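The listed protein sequences derive, respectively, from chains A and B.
All the letters of the first sequence, read from the start, carry residue numbers 1 to 250 under the UniProt record's numbering.
All the letters of the second sequence, read from the start, carry residue numbers 1 to 335 under the UniProt record's numbering.
Since the hints were made in silico from the structure, they are not lab data.
If you're wondering where the values come from, they're calculated on a predicted model, not measured in any experiment.
Among the hints, erroneous ones may be present.
Unchecked claim - Pairs of lysine-lysine, BS3-like flavour, derived with a Cα cap of 25 Å:
id, chain 1, residue 1, chain 2, residue 2
1, A, K56, A, K168
2, B, K167, A, K56
3, B, K229, A, K107
4, A, K14, B, K134
5, B, K229, A, K115
6, B, K309, A, K56
7, B, K167, B, K229
8, A, K14, B, K132
As the list claims (entries may be wrong) - Under 10 Å between C-beta atoms, here's a sample of chain A residues computed to sit facing chain B:
id, residue
9, R75
10, G90
11, L95
12, L116
13, G117
14, R161
We treat Cβ as the ideally placed atom computed from N, Cα and C, and that holds for glycine.
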Amino acid sequence: MSAPLYEVRNVSKKYGSVVALDGADFQINAGEIVGLVGDNGAGKSTLVKILSGAHKPTSGEIFLDGVSQGWDSPRDAIEAGVETLYQDSGLAPHLTVSANVFLGREKYVAGPFGKLGFLDNKAMHKEAHKDLERVGIAVPESNRSVSQLSGGQRQAVAIGRAVSWASKVIILDEPTNHLGARQAGEVLQVMKAARAKGLGVVFISHTLPHVLDVSDRIVVLRLGKIVANAPTSEFDAEKLLGTITGLNTL
Amino acid sequence: MNQVGTDAKSLKQVRMLFGNQQFLLLLVWFAMVAFFTAFNSIFFSMAVFGNILLDWAPVVLIALGQTFVIISGGIDLSVGSTVGLSGVVAAFQMQHMMTNGDNQWLAIAVGTLVAALVGIAVGLVNGFLITKTKVVPFIATLVTMGAAAGLAIVYSGGAPVGGGPDKAIELSVPWFGPFSTPGLIVVGIVIICGLFLHLARFGRYTYAIGSNEFAARTAGINVNRHYLKVYALSGLLAGLAGMFFYCRLGSGAPTSGYGGELDAIAAVVIGGAALTGGIGRISGTVLGALILTTTTSGLIIIGVAPDWKQVVVAILIAAAVLLQGNKNGSRGGSK
Numbered sequence: 001m002s003a004p005l006y007e008v009r010n011v012s013k014k015y016g017s018v019v020a021l022d023g024a025d026f027q028i029n030a031g032e033i034v035g036l037v038g039d040n041g042a043g044k045s046t047l048v049k050i051l052s053g054a055h056k057p058t059s060g061e062i063f064l065d066g067v068s069q070g071w072d073s074p075r076d077a078i079e080a081g082v083e084t085l086y087q088d089s090g091l092a093p094h095l096t097v098s099a100n101v102f103l104g105r106e107k108y109v110a111g112p113f114g115k116l117g118f119l120d121n122k123a124m125h126k127e128a129h130k131d132l133e134r135v136g137i138a139v140p141e142s143n144r145s146v147s148q149l150s151g152g153q154r155q156a157v158a159i160g161r162a163v164s165w166a167s168k169v170i171i172l173d174e175p176t177n178h179l180g181a182r183q184a185g186e187v188l189q190v191m192k193a194a195r196a197k198g199l200g201v202v203f204i205s206h207t208l209p210h211v212l213d214v215s216d217r218i219v220v221l222r223l224g225k226i227v228a229n230a231p232t233s234e235f236d237a238e239k240l241l242g243t244i245t246g247l248n249t250l
Numbered sequence: 001m002n003q004v005g006t007d008a009k010s011l012k013q014v015r016m017l018f019g020n021q022q023f024l025l026l027l028v029w030f031a032m033v034a035f036f037t038a039f040n041s042i043f044f045s046m047a048v049f050g051n052i053l054l055d056w057a058p059v060v061l062i063a064l065g066q067t068f069v070i071i072s073g074g075i076d077l078s079v080g081s082t083v084g085l086s087g088v089v090a091a092f093q094m095q096h097m098m099t100n101g102d103n104q105w106l107a108i109a110v111g112t113l114v115a116a117l118v119g120i121a122v123g124l125v126n127g128f129l130i131t132k133t134k135v136v137p138f139i140a141t142l143v144t145m146g147a148a149a150g151l152a153i154v155y156s157g158g159a160p161v162g163g164g165p166d167k168a169i170e171l172s173v174p175w176f177g178p179f180s181t182p183g184l185i186v187v188g189i190v191i192i193c194g195l196f197l198h199l200a201r202f203g204r205y206t207y208a209i210g211s212n213e214f215a216a217r218t219a220g221i222n223v224n225r226h227y228l229k230v231y232a233l234s235g236l237l238a239g240l241a242g243m244f245f246y247c248r249l250g251s252g253a254p255t256s257g258y259g260g261e262l263d264a265i266a267a268v269v270i271g272g273a274a275l276t277g278g279i280g281r282i283s284g285t286v287l288g289a290l291i292l293t294t295t296t297s298g299l300i301i302i303g304v305a306p307d308w309k310q311v312v313v314a315i316l317i318a319a320a321v322l323l324q325g326n327k328n329g330s331r332g333g334s335k
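Only chain A is shown next, with the shape it has when bound in the complex (with noise of 0.2 Å):
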């Protein structure tokens, strides 16, 4: 078998004498959705914060595409293609939906203009349409501010910008929390459109109904270490929830 997309290999982090994630293994392949579960605590937003550039582990190796990473900032991460939409981060408000689109890689427009910064806002806009047509996301129009939309269409158009920005890895943390049953579907259907696209996808929620609906393999975290690692076939929903509290084992 070929080297894994995304991996981390034996990576701890201490908070002080808190040991949040203990000798943690995990690998994402492309084309691939991994449901990364666990109880409060379990370790789950550390690894997302590791995998995303946020946080310096203590200890352990990142690779990506097998070369050996260390990232200083999101930003890095980001420019490497690996995509983190953050529980509750959201986006900003005040702000078009295409602005958000294109926040932080802004288009600008040609000549010495764009030089000093000044923004092909018409690109972005049709751009951004076209972008959230493609992951299957149907927002009205990307020229609104995002607090005209509903918290469903919010949600959408921040997943819509992390998939179609993300050219190898996305980490979706708690996507469908506060959504609807019909939006939540909306969203399992975008991170499928996602895996479609070749990218790995790293889902992490509490909703172990959707993790079991889209996930290809199920990644188990119990008290920062990695309990369980095998294929959604093998769990069953209440196999899966023995396992995150620890009444039984795999």
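Fit chain B to the given chain A structure using the hints.
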């Protein structure tokens, strides 16, 4: 100007240019001009407008910086003191150059540069306190407000510093309609700030950070560096306001900017910006400052004690804030 009211299409264009609240401000300003003129026709003259613009220019300079700061979700209380400090330091520099027999214009140019640098320095201290020591903007700029005011007094001995180039005062004479040369430069700065706030990356990041700092950070924006730039810009504009006062007074007075931060904040808030960040426009700030200074001149000319200005400003601020509350309320309620 009357066409604006009659031609529906150009009305719409003006509305687009200013935004709805700013369009309302324009109407308020027209109403004020009409009101003061009705009481005393002397008000409607080039001399009075020239004077209003001389008052307006330094207010709008520091209010421009304040607009960026407030949109980013912060506040800058230090700008009034920075005006005094930069004016004093620039005055000593120009005094020194005059005793050396240097060219007057050169002295003015160097003085302007020195005032700008002093302002930037205060702004960078603000930015450093906010990003590195994590002091909230209100406290950080309160600290530099006191420090800059104190330094200005100590450095100048409490008295205005004169002995600089005489040409500086001549600069403040209006020659282009009601505009003087420094006034025209301020108009140019207004336009540049408007372009960078509304059309360029600098403004886009300012709005994004004020709207949702975490989202801006996770989008890969270097938020701390942007805060530094925003506060440095605010300081720079305050420094230039210090030089503007120098040209007007012919000396660098340590107290020339006292209360300037409150006028600036008032102008920005009347202009429609929200202290919670993410909202505001340059056109609003320009009109807010214009309304403030028109009120002062108008009350004097119609023979009302200028102390009433504060009451009028208070009413305007309350109206602006209420208007904003309504807007947010209807937005929240629509969903």
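Now for the hints, and whether the structure bears them out:
1. A:K56 to A:K168: holds (20 Å)
2. B:K167 to A:K56: violated (59 Å)
3. B:K229 to A:K107: holds (21 Å)
4. A:K14 to B:K134: holds (24 Å)
5. B:K229 to A:K115: Distance ~18 Å between B:K229 and A:K115 Cα, so the pair holds.
6. B:K309 to A:K56: violated (56 Å)
7. B:K167 to B:K229: Given pair B:K167, B:K229 is violated - Cα atoms ~33 Å apart, limit 25 Å.
8. A:K14 to B:K132: Holds: A:K14 and B:K132 sit about 24 Å apart, inside 25 Å.
9. R75: Cβ of A:R75 sits 4 Å from chain B, so the hint holds.
10. G90: With a closest approach of 6 Å, the A:G90 hint holds.
11. L95: Given a least distance of 6 Å, the restraint on A:L95 holds.
12. L116: The hint holds - A:L116 has a Cβ within 10 Å of chain B, the shortest such distance being about 7 Å.
13. G117: At about 4 Å, which falls below the 10 Å cut-off, the nearest Cβ of chain B leaves the hint on A:G117 intact, so it holds.
14. R161: Holds. Min distance 9 Å.
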